[in-house]
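Knowing the structure of chain A, use the given hints to seat chain B with the ligands on it.
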Amino acid sequence: MGLFEKLKTGLARTRELTVGKLSNFFSGRKIDEDLLEELEEALLEADVGVDSVDQLIETVRERVKLDKSVSSTQIGEILRTELSTMMIGPDSLGANRLAKKPWVIILVGVNGSGKTTTAGKLAYKFAKEGKKTAIAAADTFRAAAIEQVEVWAKRSGARIIKQATGADPASVTFDAYQSVLAHEEDVLIVDTAGRLQDKHNLMQELSKITNVLKRFDPDLPNEVLLILDAITGQNGLSQAHGFTKAAGVTGLVVTKLDGSAKGGVIIPILRELKLPIEFIGIGESVNDIYPFEAKAYADALLTN
Amino acid sequence: MFDNLTGRLETFVRNLRGQGKLSETNVKDTLREVRRILLEADVSLKAAKAFVRDVQEKSLGHEVLKSVTPGQQMVKIIHDELVSFLGGASEPIRFGKSPSPILVVGLNGAGKTTTSAKLAAHLRKRGRKPLLVAADTFRPAAIDQLETLGRQIDIPVFSGDRKNALKTVADSRDYARELSLDCLIIDSAGRMAVNDELMNQLQEMQDAIKPPETLLVVDGMTGQDAVRSANAFLERIELTGLVMTKLDGDSRGGAALSIRWVTGKPIKFIGVGEKTNDFEQFHPDRMAGRILGLGDVVSFVEKAQEAVDIESAQKMADKLAKQQFTFDDFREQLHQLKNMGPLESVLGMIPGMKSIKGLQVDENQFVVVESIIDSMTPAEREVPKIINGSRRRRIAQGCGRSVQDVNRLLNQFEQMQKMIKRFGKKGPKFPGGFPGMPGF
Ligand SMILES: Nc1nc2c(ncn2[C@@H]2O[C@H](COP(=O)(O)OP(=O)(O)O)[C@@H](O)[C@H]2O)c(=O)[nH]1
Ligand SMILES: Nc1nc2c(ncn2[C@@H]2O[C@H](COP(=O)(O)OP(=O)(O)O)[C@@H](O)[C@H]2O)c(=O)[nH]1
Ligand SMILES: [Mg+2]
Ligand SMILES: [Mg+2]
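Quick note, the sequences are listed as chains A and B, same order. Using our numbering, the first residue of the first sequence is number 1, and each one after it goes up by one. Using our numbering, the first residue of the second sequence is number 305, and each one after it goes up by one.
One chain only, chain A, in its complex shape (with noise of 0.2 Å):
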């Protein structure tokens, strides 16, 4: 199956809802206020956030003034098109990545989020490629988090690095970076606590993190990536800055797009920040972890 039949999917069941109405209003239909009026709610009511609607919907207008000939259907590609315009951030990193070895991949993110589940599976993606992973558990302050990150190595094939709960994040993450030296293995994920944005002590605790690591190489951590949960309505604006301010995330994975939530914030956040996309999550087994495309992103959030 490929990427835009399993995203179709995985958002399938939530073809009836409100987004998914969209292609049905915009065949045969006039185009006047009404027609822009239910875009512009159907786009808000996927989170894409109040600026960036207007922004879309005052360029569909401008086309439609320039071009009278424009028909609805047509509005439906050109909705498309400057959606997967606003999405198309810096090239993922896609072959390029563990171009180096080991290749050090930090995950971070609000409580919740969906790291832990993004660590297993991305271990898993690798081994599938061959790669020797490991994964380090750098969540050392939520109960159980350690117990759930041996459940997602074993599942993976990955090897845990683990300390006792409540030791140092970055003590672990330091420990971790030797013993991948001296196992000679591919790749290094470590698994983070949550923290919200606005917890100035825990962010400095993340920067601690990266920082260890540079003492090994100041190109150390390869990666850092922002879990971003599709729920997440306009506060994902927030923790894009704060994790980015505290931690340098190079990419986002936007996680649980198997629910009925669409992640359009990611709109506003690429905007703003230029980042890649990196991975999309769409359910809790090992393999529901995809490549974000722009493209299909957008008719997910567009199309029935």
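Keep in mind that the hints were calculated from the coordinates and are not lab data. Bear in mind the structure is a predicted one, so any value in this text is a computation, not a measurement. For every residue, glycine included, the Cβ atom is placed at its ideal position computed from N, Cα and C. Watch out, some of these pointers could steer you wrong.
[What the hints assert, rightly or not] Below, in silico cross-link-like pairs of lysine-lysine (DSBU-like), each with a Cα-Cα straight-line distance of 30 Å or less:
1. K125(A) / K214(A)
2. K65(A) / K332(B)
3. K467(B) / K128(A)
4. K245(A) / K722(B)
5. K353(B) / K30(A)
6. K569(B) / K579(B)
7. K125(A) / K722(B)
8. K332(B) / K208(A)
9. K101(A) / K30(A)
10. K131(A) / K100(A)
[To be verified] Derived coverage of chain A by chain B (criterion: at least 3 residues anywhere in the stretch with Cβ under 8 Å from a Cβ of chain B; other residues may be distant):
11. 65-71
12. 100-113
13. 134-144
14. 250-259
Chain B with the ligands only, in chain A's frame:
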């Protein structure tokens, strides 16, 4: 903050004065702006529209008062309406025959397990004897998580065979009776509301135990999906109450309005942190202020009143009114702030506080700041303007900090004085006679 909101609405209703009454034409633009504010706060579109319609009805025909600006008047109407939308006084948990089950449900990662533990600790304080039931057999280590939390708060956890959630829940009754416990808090697995299979299981579980209380746990950072997912739960199971989590962050929490509107069920508690005691009753007025970006003025004032003696606050107020805020005053305020509890949570309640440039919420900063102030001469503390380059170097040396540290503090202090001037001119005065705090 209050000023911003009033200001934003003010531009739309500026011309209302002298017109006597709020009419359909003159509130239309204002209401559009209100809708925008709500959407920015993540209130879902449908709920926002319903709310705006309500406000429109309420505001039409309202006399434009002479004593306040039309903007202020609109804010008041909106705020009051929001409070009533969000529901009346907090409602308690419902109990049936012992052991009475409380079913905890929600999307993945919303905070169900943490909330279950928090609720257990809360109920025990009120004389109940709860049993935590680990019915999430799906998420890796979810049972360990609840067991760990149970150990931390010393509340028993029943995990059954760790495989079959339905059986675990059924067996938990007998277990509770054996231990003479009187309520069951059932931590269910997270599920996407569009997942039929998992929603069926939940329905089955509810049918089997018929809990007098089923709480839907909702992440406080949720956006537009709040309405969709709450609706989907409502279609499949019976809900009796809501819990909003992760409200310790900077999200505006508009989802509270959405879920309240769509379910009609009361928000019973809020989660304000990861620890088991970070659990509070829901206050609609505070939530309304938060959604509108007014800051949690009420909680702030309550905390402030506990920690600050009124007389010195009054003295401070006088100084502020005359705009004579000095470093000595600043130092005194620091002491008082420290008495109010963790700085982060205190500052978070003050409207606009987070937007002040360079003001970092870091307890360690207190120590730095105090040491710098201590290194100043009385004259410098009184008239900071005289602190020139050589004085800065001397101060830095005296306290063992860098000149940059000193510069930063002086800059912040200057910003503060500017803010105080603004507040001094046009309010807002914090209710309860405590106007001093915007200074920090
Ligand atoms: N349906 C669904 N659930 C997910 C996805 N990613 C994570 N989850 C679930 O979300 C919850 C929180 O995930 P977890 O990885 O523990 O989050 P963390 O706190 O950020 O580490 C768990 O119940 C996961 O199974 C996803 O893509 N789809
Ligand atoms: N900051 C904060 N974190 C919370 C709150 N409630 C839960 N969490 C965190 O959110 C994450 C998911 O919570 P959990 O109880 O495992 O969610 P569940 O998957 O719904 O059971 C964990 O990291 C919790 O520590 C809260 O009120 N504030
Ligand atoms: Mg985790
Ligand atoms: Mg749980």
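Now the hints, each set against the structure:
1. K125(A) / K214(A): At roughly 26 Å apart (the allowed maximum being 30 Å), K214(A) and K125(A) satisfy the hint.
2. K65(A) / K332(B): Judged against 30 Å, a Cα distance of about 26 Å means the pair holds.
3. K467(B) / K128(A): 29 Å, holds
4. K245(A) / K722(B): Judged against 30 Å, a Cα distance of about 27 Å means the pair holds.
5. K353(B) / K30(A): With Cα atoms ~25 Å apart, K353(B) and K30(A) stay inside 30 Å; holds.
6. K569(B) / K579(B): 26 Å, holds
7. K125(A) / K722(B): 55 Å, violated
8. K332(B) / K208(A): 51 Å, violated
9. K101(A) / K30(A): Distance ~58 Å between K101(A) and K30(A) Cα, so the pair is violated.
10. K131(A) / K100(A): With Cα atoms ~12 Å apart, K131(A) and K100(A) stay inside 30 Å; holds.
11. 65-71: violated (count 0)
12. 100-113: Check passed, 4 qualifying residues.
13. 134-144: holds (count 4)
14. 250-259: With 3 residues close enough to chain B, the hint holds.
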